[in-house]
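S.K.: Whenever a hint applies, use it, and build me the whole structure from the sequences.
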Amino acid sequence: MKGRRTVKRITRWTATAALLVVASTVSAATEYEIEVSHDDELFIINGEKYEAKTYCFNMEEGDRVIFLEGSPYGACASAKILNLRTKKVCEVWCE
1 MKGRRTVKRI
11 TRWTATAALL
21 VVASTVSAAT
31 EYEIEVSHDD
41 ELFIINGEKY
51 EAKTYCFNME
61 EGDRVIFLEG
71 SPYGACASAK
81 ILNLRTKKVC
91 EVWCE
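Residue numbers (our numbering): 1 to 95.
Calculated directly from the structure, the hints in this document are not laboratory data. By construction, the Cβ of each residue, glycine as well, lies at the ideal position given by its N, Cα and C atoms. A couple of the hints might just be wrong.
Unchecked claim - Here are the computed distance ranges between Cβ atoms for each label pair:
no., residue 1, residue 2, range
1, A28, Y55, 26 to 32 Å
2, T86, E51, 14 to 20 Å
3, S78, T30, 15 to 21 Å
4, F57, A28, 27 to 33 Å
5, A28, T54, 17 to 23 Å
6, A28, C76, 19 to 25 Å
7, E51, A28, 17 to 23 Å
8, E31, E91, 15 to 21 Å
9, I66, E41, 27 to 33 Å
10, I44, E69, 16 to 22 Å
11, K88, V36, 27 to 33 Å
12, E95, T30, 25 to 31 Å
To be verified - Pairs of lysine-lysine, DSS-like flavour, derived with a Cα cap of 25 Å:
no., residue 1, residue 2
13, K49, K80
14, K88, K49
15, K53, K88
M.R.: Take a look at the structure:
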């Protein structure tokens, strides 16, 4: 019986530690401001130009975003950005 309790404690501790690692990784992402937003299609972020693959509705100047994929320096073919205000993901082409 004592062995089972130990295993449960280790399992709980491991799950908690894994959750903390994931949470700290997500919160460590660098935020960038949308400097220009034009017609839900064109965005300037971190001084770089990005074009929506379709449309990115409700992405406004001043909104904070993080890059889930791609580069905030424009060194990519495409990127996925998360708008922190709307919690929506936008797929863009890097220009």
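S.K.: So the hint says 27 to 33 Å: do the beta-carbon atoms of K88 and V36 match that?
M.R.: Since the Cβ atoms of K88 and V36 sit about 18 Å apart, the hinted range of 27 to 33 Å is violated.
S.K.: Hey, K88 versus K49, does the alpha-carbon distance stay inside 25 Å?
M.R.: Holds. K88 to K49 sits at ~19 Å (cutoff 25 Å).
S.K.: For E95 and T30, compare the CB-CB distance with the range 25 to 31 Å and indicate the outcome.
M.R.: Between E95 and T30, where Cβ atoms are some 20 Å apart, the hint is violated.
S.K.: Is 27 to 33 Å right for how far apart the beta carbons of F57 and A28 are?
M.R.: Given a distance of about 28 Å, which is inside 27 to 33 Å, the answer is holds.
S.K.: Please check whether E31 and E91 have a Cβ separation lying inside 15 to 21 Å.
M.R.: Once the Cβ atoms are compared, 19 Å apart, the range 15 to 21 Å for E91 and E31 holds.
S.K.: Range hint 26 to 32 Å: satisfied by the CB atoms of A28 and Y55?
M.R.: Holds: the Cβ-Cβ distance is about 30 Å, inside 26 to 32 Å.
S.K.: With respect to the beta-carbon atoms only, verify the hint that I44 and E69 lie 16 to 22 Å apart.
M.R.: holds (19 Å)
S.K.: Could you tell me whether the CB distance from A28 to T54 stays inside 17 to 23 Å?
M.R.: Between A28 and T54, where Cβ atoms are some 30 Å apart, the hint is violated.
S.K.: The hint says 14 to 20 Å between T86 and E51; measuring C-beta to C-beta, is that right?
M.R.: holds (19 Å)
S.K.: Quick check: does the Cβ-Cβ distance between I66 and E41 fall within 27 to 33 Å?
M.R.: violated (20 Å)
S.K.: CB of S78 to CB of T30, is that within 15 to 21 Å?
M.R.: holds (19 Å)
S.K.: For the pair we were handed, K49 and K80, check the Cα-Cα distance against 25 Å.
M.R.: Within the cut-off at roughly 14 Å; holds.
In summary, the structure is inconsistent with hints 5, 7, 9, 11 and 12 from the numbered list given earlier, while agreeing with the others.
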